[in-house]
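Engineer: Spelled out from the first residue to the last, the chains are:
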Amino acid sequence: MDGGAAQAPVVSARNLTKTYQLGEVAVHALRDVSFDIHRGEFVAIMGPSGSGKSTLMNLIGALDTPTTGALAINGADIATLDKDQLADLRNRTLGFVFQQFNLLARTSALDNVKLPLAYSRDPARQARGSELAAQRLTEVGLADRMDHVPSQLSGGQQQRVAIARALVNSPSLILADEPTGALDTQTSGEIMALFERLTESGMTVILVTHEPDVAAHARRLLRVRDGRIVEDRAVAGRPV
Amino acid sequence: MSVIEYIKTALVALRLNKLRSMLTTLGIIIGVASVIVMSGIGSGASKQIEDQISSLGTNQLTIFPGSANVGGRRGGFGSAPPLTEKDLRAVRDGVAGVMAASGELGNNNASVVLGNANWTTQVQGVGAEIELVREWPIARGRYFDAREAASGAKFGVLGATVARELFAGADPLGTTIRINNSPFQVIGVLSEKGQAGGRDQDDVILVPISTARSRLVGRLGAPDQIGSLLVKVDPRYNLAEVQADIERVLRDRRRIGPDKDNNFIIRNFAEFLETRNQASKTLGLLLAATAAISLVVGGIGIMNIMLVSVTERTREIGLRMAIGARGSDILGQFLTEAVLLCLVGGLIGLGLGAGVAAGLAGIFGWPVYISPVVVLVAIAASATVGIVFGYVPARRASALNPIEALRYE
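Sequence order for the protein chains is L and Y.
Note that my numbering numbers the first sequence so that position 160 is 436, with each residue one more than the last.
Note that my numbering numbers the second sequence so that position 341 is 352, with each residue one more than the last.
Derived from the structure by calculation, the hints contain no laboratory data.
C-beta atoms are modelled at their ideal positions from N, C-alpha and C, and glycine is treated no differently.
Be careful, since some hints might not be right.
Which stretches of chain Y does chain L cover? Using the computed rule of at least three CB atoms under 8 Å from a CB of chain L, they are [said to hold, decoys possible]: (1) 15–28; (2) 338–351; (3) 410–417.
Please build the complete structure, drawing on both the sequences and the hints.
Structural biologist: In structure tokens, the structure reads:
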């Protein structure tokens with residue numbers, strides 16, 4: 277954290293709360309959560325189900341807004357943004373990686389990776405869509421699989437396509453929600469190695485998982501329980 | 012997202028479910044096709060009738076003697092005193108707006124002989140102004156002039172059909188033919204006019220009306236009788252007003268008291284046209300109603316499938332939102348899909364309808380006319396159906412919560 281002091285944090289949460297109203301009952305999913313995440317960090321968020329980690333993920337992903345408190349992503353307070361502005365923020369600043377890959381069926385790897393560019397408000401990037409997508413696919417080691425559709429790819433390859441898709445708009449932050457949940461151990465290791473490589477070249481990655489083995493690849497661990505951060509530490513044996 | 016992107020995305024989505032897309036748009040296809048076929052046949056028929064009516068002559072009035080009313084007993088058609096050359100002159104010279112007038116006195120069953128060829132046709136005695144009145148140019152030779160028309164000259168002008176039947180390609184001009192055993196010299200051949208009301212207008216021989224009176228028609232009601240009076244009205248004049256003036260002149264000449272009915276009939280082809288237009292308007296409304304019903308039914312099918320599609324693709328919608336699609340992008344995408352589905356259906360229906368119409372035209376010899384207006388309306392209507400019935404599903408898609416959509420199983 278000290279290393280990034282010169283730069284504004286990629287994610288800055290201050291006294292975040294999120295309360296859902298389920299009929300008569302108010303569910304406090306997050307209670308007074310504050311933290312900063314800086315550029316190049318590789319953070320794992322862990323916690324049992326119902327702990328509030330998914331809520332936190334949705335907030336960081338600009339898919340939802342906090343009940344109270346401030347959450348700045350790349351300096352923009354998401355509480356002040358309307359739906360369209362949130363969509364644009366997600367498009368420009370965030371890259372999502374999901375457990376189930378969420379690739380479009382019967383659509384080539386290249387076209388899947390290009391998809392976020394279709395929603396870009398930057399015509400110059402749109403025009404270079406195929407070039408940017410091909411570049412990202414090469415980075416994740418799928419230069420020879422660009423024309424393959426998801427059903428012709430293994431799980432690990434599909435997840436790499438999804439990572440290339442997350443990277444295509446040069447985001448500030450990658451959000452990975454159980455990215456290895458549907459993969460075998462060996463493939464999981466490959467995917468985690470890819471994330472490590474990305475953070476080494478300056479990308480910020482936030483990972484939600486409940487597997488300690490997976491979390492061990494990260495360099496910082498945020499443990500969430502009952503809507504609070506109960507632990508925020510460097511992962512043992514790894515420099516923060 | 013640009014419109015081109017929307018269309019590309021929609022085409023991919025529609026292709027993924029080819030059979031379903033096809034079945035979904037079947038309602039639109041059938042609706043548009045049936046409208047195209049029906050309107051093709053309907054407007055073909057009315058166009059044919061309009062052409063026929065205008066070939067009979069527009070701005071033309073035909074006056075017949077009507078039924079006589081003697082002591083309360085009404086005689087049949089034509090039982091009233093005949094029209095005469097004096098009536099004709101009174102109308103032509105006494106009514107403003109009459110450009111030309113001709114009597115017409117016919118024999119519908121005259122036998123014509125040339126050498127060993129013979130033909131039975133209609134022989135009509137007409138005045139010299141008939142060319143103007145009926146707008147019927149001569150193809151070869153000439154018409155008889157006013158003096159010849161009045162002097163009983165034995166001249167004949169042949170209709171195209173008669174010329175073909177009797178002369179089979181030889182030059183008829185100057186030849187003598189026998190009509191009901193009287194020799195007539197052929198001085199002209201008329202241009203072709205075609206069918207009207209199921210009758211071949213070219214199957215006719217025109218002769219001077221005076222000759223018809225003395226040679227071809229039996230007993231006459233008056234020495235200068237004309238069977239009917241054809242009047243050409245100057246198009247700068249109001250047809251109805253001229254008609255009223257003629258009526259007044261004739262009532263006066265025939266001494267019809269102010270409280271008595273006319274004993275003559277004035278027929279106006281414009282009225283025919285009017286009636287015809289009224290009929291085709293009714294037909295048009297009926298077609299529009301049929302089209303509207305089938306398009307609504309088709310549209311409901313589209314809406315149904317689009318709702319299913321939105322549900323099936325909830326995760327895809329969630330993903331698109333997560334990677335930066337705005338609500339309006341999702342709305343546009345699904346709306347484009349619905350409109351495209353309808354447009355493709357409309358175009359297929361158009362093709363199918365045109366094909367069936369052409370087939371009917373070929374098999375039954377019906378005149379078929381597909382107006383460009385109908386084509387444009389059909390396309391616009393299909394697109395509108397897409398927008399109207401695609402809106403609800405598209406709206407639902409765009410209003411999805413991305414978090415829930417991503418979690419949707």
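Engineer: So, for every hint listed, does it hold in this structure?
Structural biologist: Here is how each hint holds up against the structure:
1. Counting residues of the stretch 15–28 of chain Y whose CB lies closer than 8 Å to any CB of chain L gives 4, so the stated coverage by that chain holds, three being the minimum.
2. With 3 residues having a Cβ less than 8 Å from any Cβ of chain L, the stretch 338–351 of chain Y passes the three-residue criterion, so the hint holds.
3. Look at the stretch 410–417 of chain Y against chain L: 3 of its residues bring a Cβ nearer than 8 Å to a Cβ of that chain, three or more, so the hint holds.
Checked against the numbered hints given earlier, this structure breaks none of them.
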